[in-house]
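Under this note's numbering, the sequence shown has 6 at position 6, and the numbering climbs by one with no breaks.
Since the hints were made in silico from the structure, they are not lab data.
In this text, all values refer to a predicted model and were calculated from it rather than measured experimentally.
Even glycine gets a Cβ: it sits at the ideal position worked out from N, Cα and C.
Keep in mind that a hint or two might mislead.
[Unchecked claim] The following label-pair restraints were derived from C-beta to C-beta distances: (1) Arg-119 to Ile-234: 20 to 30 Å; (2) Ala-73 to Asn-108: 25 to 35 Å; (3) Gly-200 to Gly-58: 34 to 44 Å; (4) Val-26 to Ser-48: 19 to 29 Å; (5) Asp-213 to Gly-83: 16 to 26 Å; (6) Pro-100 to Ser-48: 17 to 27 Å; (7) Glu-241 to Pro-191: 38 to 48 Å; (8) Gly-220 to Leu-72: 10 to 20 Å; (9) Arg-8 to His-51: 12 to 22 Å; (10) Glu-218 to Arg-171: 17 to 27 Å.
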Amino acid sequence: MSQQMERRIPLEGCVNFRDLGGYPTVDGRNVRWRRLFRADAPNTLTESDVHTITQTLGVSAVVDLRNSGGVLADGRGLLALSGISYHQFPFLERRGTAPPTDGVDAENRLSEIYQWMLRNSGSLVAQAFTTLAQGVNQPAVFHCSAGKDRTGILAATILSVLGVSQEDILRDYLMTNEVIDGILDRIKKMPGFEHSTREGIMAPRAAMEKFLDVTQSEFGGSEAYLLHHGVQPITIDFIRESLLV
């Protein structure tokens with residue numbers, strides 16, 4: 001089985017559920033398989049899906065990055081009701097300034113949104129990272145709605161701290177585009193998003209590149225960013241110990 005096939009988990013109610021493991025690091029190690037998963041919203045998971053996630057994959061915690069309004073409108077789904085621990089960190093909820101909603105095109109708009117999260121959601125990113133680092137919460141899955149933007153920011157931060165190359169971080173981010181039609185079908189069923197287009201929801205490489213570049217230029221990298229926002233050094237040490245082989 002190829003690494004890519006092994007990475008994506010086939011489910012009935014999620015199209016973008018995949019393993020964050022398997023990537024090599026700059027120091028010659030690899031990210032451990034079957035410890036962290038990233039996904040789109042799990043509110044349409046079936047009972048069979050929940051069994052796969054909790055029993056086959058052993059997931060014991062879910063980290064929800066959606067806004068409170070999104071959770072209220074779409075629900076938590078069967079996974080959050082299955083007895084595993086549930087944690088919510090709304091990366092895009094308004095705090096002082098609102099996230100940008102316009103732009104010349106989708107790529108620039110997403111780039112601005114990613115940078116808004118970088119500068120305005122640091123404490124929530126730190127809390128989500130700390131939650132995922134705790135051994136009692138692993139294996140874990142973190143998700144937003146499409147599994148692309150908020151989820152992509154957290155995945156990129158984690159992989160960067162683990163020492164994964166920028167090229168592999170970008171490759172992981174861009175995998176969403178392989179299932180973009182399934183994501184579009186879901187989004188168009190949401191009130192207010194009926195006219196969404198494929199081009200408008202694609203994952204643009206340049207937006208994530210800019211996010212990583214700004215993280216480096218303004219904060220000194222992902223590890224420094226997390227430390228600045230309250231993550232303890234021992235937490236970073238622990239996630240490396242638990243996720244690297």
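Hint by hint, here is what the structure shows:
For the hinted restraint 20 to 30 Å between Arg-119 and Ile-234, the CB-CB distance of approximately 26 Å keeps it satisfied. Our hint of 25 to 35 Å for Ala-73 and Asn-108 holds, since their Cβ atoms are close to 27 Å apart. Taking 34 to 44 Å as the suggested C-beta distance range, the pair Gly-200 and Gly-58 conforms, at roughly 36 Å. One distance hint, 19 to 29 Å for the beta-carbon pair Val-26 and Ser-48, is violated here, with the actual separation near 39 Å.
Hint check: Asp-213 to Gly-83, Cβ distance near 41 Å, so the stated range 16 to 26 Å is violated. Judged by the Cβ atoms, the range 17 to 27 Å given for Pro-100 and Ser-48 is violated: they are separated by roughly 39 Å. Taken as a hint, the range 38 to 48 Å holds for the pair Glu-241 and Pro-191, whose Cβ atoms sit roughly 44 Å apart. The supplied range of 10 to 20 Å is broken by Gly-220 and Leu-72, whose beta-carbon atoms lie about 37 Å from each other.
A hinted range of 12 to 22 Å holds for the C-beta pair Arg-8 and His-51, which are about 18 Å apart. Taken as a hint, the range 17 to 27 Å holds for the pair Glu-218 and Arg-171, whose Cβ atoms sit roughly 24 Å apart.
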